[in-house]
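K.L.:
Below are the chains, spelled out letter by letter.
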Amino acid sequence: MRKVYGVPGGEVLELDYPAVADYLTRFLEAELAWRGYQKALVAVSGGVDSATTLALAARALGPENVHALALPHAESASESLEHARMAAEAFGVDLEVIDITPMVEGYAGVRPDLTPYRKGNVKARARMIVLFDLSMAYRALPLGTGNKTERLFGYFTWHGDDAPPINPLGDLYKTQVWGLAEELGVPEAIRKKPPTADLVPGQTDEADLGLSYRRADVILEHYLKGYPDAYIEALGYRPEEIRRVKELVNRTHFKRHLPTVAVVSTTAIHEFYLRPLDFRIELP
Amino acid sequence: MVRHAVLQLAPEKGQVRRNLARLEAALLELAEDGPQVVVVPEAYPTGYFLQGGVRELALTVDELAEALDDLHRRAWEGPLDLVIGFYEKDEQSGDYFNTAAYFELGGRGLVHRHRKVFLPTYGVFDEERYLSRGHGVRAFDTRFGRAAILICEDFWHSITSTLAALDGAEVIYVPSASPARGFSGPRPANVERWRQLAMSVAAEHGVYVVLASLVGFEAGKGMSGGSLVASPEGRILAQAPVFEEALLVADLDLARIPPVRYDNPMLADLKSGLPILWNDLRRVVEGL
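First to last, the protein sequences are chains R and S.
The opening residue of the first sequence carries number 1 in the numbering used here; numbering runs sequentially from there.
The opening residue of the second sequence carries number 1 in the numbering used here; numbering runs sequentially from there.
Hints were generated in silico from the structure; no laboratory data involved.
Watch out, some of these pointers could steer you wrong.
To be verified - In silico DSS-like pairs for lysine-lysine, Cα to Cα no more than 30 Å straight-line:
no., chain 1, residue 1, chain 2, residue 2
1, R, Lys148, S, Lys89
2, R, Lys255, S, Lys221
3, S, Lys89, R, Lys246
4, R, Lys193, R, Lys119
Said to hold, decoys possible - Sample of chain S residues with no beta-carbon within 10 Å of chain R, all distances over it, derived:
no., residue
5, Glu12
6, Leu57
7, Glu66
8, Trp76
9, Tyr96
10, Glu104
11, Val260
All residues carry an ideal CB built from backbone N, CA and C; glycine is no exception.
Taking the hints into account, I'd like the entire structure generated from these sequences.
P.N.:
Now the structure itself:
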């Protein structure tokens, strides 16, 4: 007699990338439209997240309505600028290069105690200043490029690279961004290189975080959905990896929220007075 | 044969006047197709996610009726039945509801009002924080036959459509607003789930199901659309695309319901068998 074995159920991280690309393209069109924007601005680092965001923006708005910015510092890897150019070329978007070295070094000159780590944060915030200034100059909305893994780990500079008002990739894990990048035709050199914030020379994300994205994303998805540690361990993950993921998530909740306000009334914003971001009434 | 049209529209958040004007334009576009019943999604006049803004934008049923009468006079020749979802303010109690109403425009006016019973308050949803629950499901007579209205999550509990069918409904209208989630397949998981639900409810009871699903992004949440009409055998007669505005036109042949039910007499069996289960049903419900 024929025996038929069932396939065990489980959480699925693999996505239908053509469907995701279509959805995120519509997201960009819609979210720019109601804000009154036709153009977008993307800071392109040379990495896969910003290249993917650039590809989506070019699809949604047309390459002629997208401004790509490369914002290198003298300490940035030369490969980052090469890859930023490669991404812009791949999606037919003009690239503007603005060197942030004078901005960053101007501040470094008045604070000689600036450590490499703090200087990394200054670089990210200098880039934010340029992005928002040129947003006004070009009347183009800045797009965020952070993925869900780095958002959950707090692996970004607060009020720096998380500052743009809309973000198409923020609910995709890093491994899902890789899948989407391939679907959108992001060049292989960008997709296959080790991810790096490139804020400190020689830095890589996975060394900073202490585990690989492919393993972290599976742990995160199960942790967020409430699976106990023993269940995740049974999938083949080590207790120290699980602990590290939970540690990174739990010490960075504040970076995913607006600043804390002392509540003194029953009309405290976001506590009692609750309106969705797109809420607006017609006034007489 | 009763010609139906589903208006799968994307409202602008909070812009009631503009959204009703958009509804009027859609009716003008449909005039050549001559629908007799038009179905509009949940919360269409305002958009779905309002949080506390419900207090600023909810309409009384009379206010909505007046606006629809004006619109009907301008845009339509002859009577038109219209099912529409909206946030309702009860004039007497001041309570707020997620409501859908059946209007016979150019005729009896308000025919039936259903207030959503199952208010999703989990995950991305927070309805019960801002709204009161409705307390009933009942079928009602239209000029074409007998119908019922269920709103969004109401329909995800098979007991509500069972009640509607037992109460004589031949058509179940389902205004909904369903944010897309689950992208492991070519269509979002929630759209697939809606399709399966509509097909199985229609086939179980031998009813038509008309789903009108909102589209448009609401602060990152993409309302998925995929509105549809299912036949009493559980076949999809028409389905709108996902994520974009569309006008869906389908003819509902109510004369097919008796022969389809004769071949598949689940509803008749339920009427016979339900009394047998009544004591257990009461026992379980009383034990909740």
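K.L.:
Now, for every hint given, state plainly whether the structure supports it.
P.N.:
Taking the hints in turn, this is what the structure says about them:
Between the alpha carbons of lysine 148/R and lysine 89/S the distance comes to roughly 39 Å, so the proposed pair goes past 30 Å and is violated. Annotation: proposed proximity of lysine 255/R to lysine 221/S holds, straight-line Cα distance about 22 Å (limit 30 Å). In summary, the hint linking lysine 89/S to lysine 246/R is not supported, as the alpha carbons are separated by about 45 Å, beyond the 30 Å threshold. Annotation: proposed proximity of lysine 193/R to lysine 119/R holds, straight-line Cα distance about 24 Å (limit 30 Å).
With a minimum CB-CB distance of about 7 Å to chain R, glutamate 12/S fails to clear the 10 Å threshold, and the non-interface call is violated. Consistency note on leucine 57/S: stated as away from chain R, yet its beta-carbon is not over 10 Å from all of that chain's, at 6 Å minimum. Glutamate 66/S, annotated as away from the interface, keeps every beta carbon of chain R farther than 10 Å; the closest lies near 17 Å. Its beta-carbon lying about 25 Å from the closest one in chain R, tryptophan 76/S satisfies the requirement of being farther than 10 Å from that chain.
No Cβ of chain R approaches the Cβ of tyrosine 96/S within 10 Å, the least distance being about 14 Å, so the stated non-interface status holds. With 10 Å as the threshold on Cβ separation, the claim that glutamate 104/S sits away from chain R holds: the shortest Cβ distance comes to roughly 29 Å. No Cβ of chain R approaches the Cβ of valine 260/S within 10 Å, the least distance being about 33 Å, so the stated non-interface status holds.
The structure shown violates the earlier hints numbered 1, 3, 5 and 6.
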